[in-house]
Amino acid sequence: MKTLPVEPLTKEAFAPFGDVIEIEGSSWFHINNGTTERYHRLGDVQIEGSDGKPVISLARGDAFDTPIEICMLERHPLGSQAWIPFNRTPFVVVVAPNGIDDRPDTSRMRAFYAEGNQGVNYHLGTWHHPLMSFRTRGEFIVVDRAGSAPNCDEVFFEERWLVAGLPDKN
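Counting along the sequence shown from 1, when you hit position 46 you're at 46 in my numbering, and nothing is skipped either side.
Honestly, the hints are just simulated from the structure, not real lab data. Yeah, the Cβ is synthetic: ideal placement off N, Cα and C, and Gly gets one too. One thing to keep in mind: the hints can contain errors.
Said to hold, decoys possible - Now the in silico label distances, taken between C-beta atoms and shown as ranges: (1) Thr35 to Asn98: 25 to 33 angstroms; (2) Gly147 to Thr3: 37 to 45 angstroms; (3) Glu115 to Pro67: 18 to 26 angstroms; (4) Thr3 to Ala63: 32 to 40 angstroms; (5) Ala63 to Phe157: 20 to 28 angstroms; (6) Ala164 to Glu12: 33 to 41 angstroms; (7) Pro8 to Cys71: 23 to 31 angstroms.
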């Protein structure tokens, strides 16, 4: 089994795979007669296909605890996909760039630890692991594509990776 070290989720580190959705370090402007700070356009919704449209959904993710083993990744070739926790649940994000064989390049796979005040927006076609709420069942806002065309490719691996360096239990 290979080890996949976890990194803190930052906009710079995650940029090749998508957007980090967070208030910290983001620009804003006032709306609603100055009573609201709007952190605008933290990510772009990408939609492909003739009948595709953006949708907003809610999801509950079961809790994952250590050890976390990675044996598959998925991607959405026709749209981006955003996951934004609304109960401040931290989660683990695993991503990989596309390889020359149109499969995940596991030699460049990365793991990130998302604090409960951060969300992610996977760019269209980004290989990623399905949602992994960390130690607590999580509730998330999901922004992605709906349409009749298939929009989820999955790849399972014979080899497994162990996510290492996650925070200890409090």
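Each hint tested on the structure:
{"no.": "1", "hint": "Thr35 to Asn98: 25 to 33 angstroms", "in the structure": "44 angstroms, violated"}
{"no.": "2", "hint": "Gly147 to Thr3: 37 to 45 angstroms", "in the structure": "38 angstroms, holds"}
{"no.": "3", "hint": "Glu115 to Pro67: 18 to 26 angstroms", "in the structure": "21 angstroms, holds"}
{"no.": "4", "hint": "Thr3 to Ala63: 32 to 40 angstroms", "in the structure": "22 angstroms, violated"}
{"no.": "5", "hint": "Ala63 to Phe157: 20 to 28 angstroms", "in the structure": "23 angstroms, holds"}
{"no.": "6", "hint": "Ala164 to Glu12: 33 to 41 angstroms", "in the structure": "22 angstroms, violated"}
{"no.": "7", "hint": "Pro8 to Cys71: 23 to 31 angstroms", "in the structure": "24 angstroms, holds"}
Hint compliance for this structure: hints 1, 4, 6 are not met, and every other hint is.
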